[in-house]
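Chains as they are written, first to last, in numbering that gives the first Met the number 0: chain A, 0 to 552; chain Z, 0 to 182.
Derived by calculation from the structure, the hints in this document are not laboratory data. Quick reminder that beta carbons are idealized off the backbone N, C-alpha and C, glycines included. Be careful, since some hints might not be right.
Facing chain Z, from chain A, some residues (calculated, C-beta under 8 angstroms) [stated by the list, open to error]:
id : residue
1  : L73
2  : H109
3  : Y298
4  : S416
5  : V419
6  : N497
7  : K546
Chain A regions said to be covered by chain Z (calculated; three or more residues, Cβ under 8 angstroms) [said to hold, decoys possible]:
id : segment
8  : 387-394
9  : 421-429
Lysine-lysine pairs mimicking DSS-like chemistry, simulated, CA-CA at most 30 angstroms apart [what the hints assert, rightly or not]:
id : chain 1 : residue 1 : chain 2 : residue 2
10 : Z       : K164      : A       : K287
11 : A       : K187      : A       : K392
12 : A       : K289      : Z       : K164
13 : Z       : K72       : A       : K388
14 : A       : K287      : Z       : K17
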Amino acid sequence: MDGKNGKQCCTVQELLVIEPLNRSVIVAGWSGKQRKVSRVVGIRAVSPTTILEDALLIVYPDEKLFDWESLMALCLPSSAAAIMIINPQRVLSQQLVEAAEKYQIPLLCHHHPITETDAVFSLELVFKLKEQEKLIGFAENSGLYQVAVTFQTDLPTFLKELSMYLQTTVILVNSVFQILNESGRNEKLTSQGLERIIKSIYQQYRQQHDSDRIFQNRYRGDVCTESGELIHYYIDKLCTGSRMFGFLLVLKGGKHLNELDLCRMGQTSLLCIKELINKNNIQQIETKYKDQFIYDLLYNNFENEKALIQRGRYWGWDLRVPQQLFIIELDDYKTPINKDQLLAELTLVAQSFLKVKFRQFIIAEQQEQVVIIVPVTAEDVKMCKENIKNVAKSLEDNIREVLPDLRVSMGIGKFYSTGVDLCRSYQEAKQALELGRFIRDKGHITHFEDLGIIRLLAHVSMEQLDDFYKEQLQAIIDYDAKTSTKFLDTLQTYFEMNGDFNLTAEKLYMHPNTLRNHLKKIEEILDVDFQKMENLLTLSVACKISKMYKTSH
Amino acid sequence: MEKRLGFLIDLSKCVGCKSCEIACMNKHHFTQPRYRRVLNIGPGNNVFEFLSLSCNHCLNPECIRVCTEHCYKKRRDGIVLHDPARCNGCRRCEGACPFSVPKMNPQTRKISKCNFCYELIDQGFEPVCVSVCIVGALRVVDLTQPLPLGSQKTLPDFPMIQFTKPSIRFLLPNKPIYSGRFS
């Protein structure tokens, strides 16, 4: 608390908590924010020989007394605590700014008229608040920072201001830690390096705070760069109620942020939330109109192809080129409460993945699924089925990497050369997704053409299917129940592996000869001959129905 | 999807009067094919249980998928419409629909099906089948909104394909309560 001569003092940073000094703009030398201030000195009382240690120097440029800038250049080496210029009439000289940086003396500008008495009063108030240990609480609740920057309502300004204040890197990321905006990045830190750091922060965040994601709003931790440098990170969760907007991230090498720095970070977070809410509302309106168009596209709500192409053009989509469609659906989610949030995160991940792969694409949430439409180039047409499956596979890998807790399944529709046929492709993709669950495990990627006989079975009522498979397999079901064997599983795996003994044996962890014996036993129980195609086909269909039955119950 | 209109059938109220069926036929001015049919689904003839069925305006309509002429469309309120002007009478939709709803009109040689009386809906009225149901067994509901308690997607002992996600819900009849005394 006390300065060198036993006087009361505070840091420059602490002084700027109090009105009206908190409206000051930091121009340079903020690395000296911890300098001690114990008194206020006006420029008129200064001569080149004056000792300015521990003093906040206040300058009034409109007083035409003398060349104040030259005098200040002389004063800077005399280690004043900080220099505050009131209502500067012109741009400060580069020399002055460089000198402030060099001597680490905060150079501040204030655009409202304040007197020395005001500054002294503020200083004394800070002393009092510090004495009673109420300064941090005051800084947290004052809310004056918001007033000060109300007129600067764009996110880059907030981030720039914060990065200048904290003298470090500030990043705004979305809910899946993809960079939306950044400020104050060190030249040494490349964008790839930054992405790597954010990725490892995201992993730490997910691991450590998975259980209490809903409740905590600020996290901190440490992360190592590739060069082995330790970086402290601070994360503010930007959310209101159940609406999640993203995170404000501060990376700080060396010392930790102090309490006042964290206060400023919290205030910037509030401003970011306010700005993001506005942006989100605008985006929601746009999305609503866009979704309506996509609904019309997917359900053939157009007069003709010309009208479709015309309306697509409004959204910047060229629907004259052939398109391919696939849909993604969440397999399971922990609670239905966060379903919308998970879907939004899934869309964000898919969007950033597709941005890298395609110049133009359509993505939308429809009926709790994510619909993706991508163009197919002339060379792709022959290979389009394989290509789209590869795209879907790499997207699934990407989703698993970014959102490891999420399991998704995908359905792919057939390729059609015209945009009006997208409605058919959409229904096919939905069917592939829905029926794919019957023949494959969770996390499947199914093309409509790969559904096979299931497509026909889907048209038969469950009761009839139930009768059929029980007729064919009841004997084996009863035998399994009586003897605790798993012959039905063996038979199903045998068909899944296309009748390959070695593969089936490997999958079931048994010797191929044991498998042969089991299949022989199954033949006996069911009274069939596996050499007859007809028997194999009937049992294969019955096994598929059995799986359908299990999945749907 | 803004809305998803569908039918809610209260089996405890339906008395099998067929007024919905007749009103539908009357509105569409022909006898064949019928858009709406009332079935007796009670076991044997001992119990009266009736089910009034027409197009279910599915969420995943098979008719849209199979139609090469793009005759079908699904409006933003969920109603599936057929445009006979585009229809070439190939009957693919007839076979694809699990409920066999689209039917060939022998006079026009084109497919026709229930259109939910969309012109009445647009004017704020109910479809004729619903408005004539004097016992209130047939209702129009928006499936995106909460439905009456006890409404179900399927009926016990009545096979119904579900993969097209039909926009139809049922209220099952309660067990009859007899408060008198058997003599």
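Verification of the supplied hints:
1. L73: 72 angstroms, violated
2. H109: Because about 54 angstroms separates H109 (chain A) from the closest Cβ in chain Z, which is outside the 8 angstroms limit, the hint is violated.
3. Y298: 4 angstroms, holds
4. S416: 13 angstroms, violated
5. V419: With a closest approach of 6 angstroms, the V419 (chain A) hint holds.
6. N497: 26 angstroms, violated
7. K546: 15 angstroms, violated
8. 387-394: Violated, because only 0 residues of the segment 387-394 of chain A bring their Cβ atoms closer than 8 angstroms to Cβ atoms of chain Z.
9. 421-429: Holds: 5 residues of the segment 421-429 of chain A have a Cβ under 8 angstroms from chain Z.
10. Z:K164 x A:K287: 24 angstroms, holds
11. A:K187 x A:K392: Status violated; Cα separation ~35 angstroms.
12. A:K289 x Z:K164: 25 angstroms, holds
13. Z:K72 x A:K388: 28 angstroms, holds
14. A:K287 x Z:K17: 42 angstroms, violated
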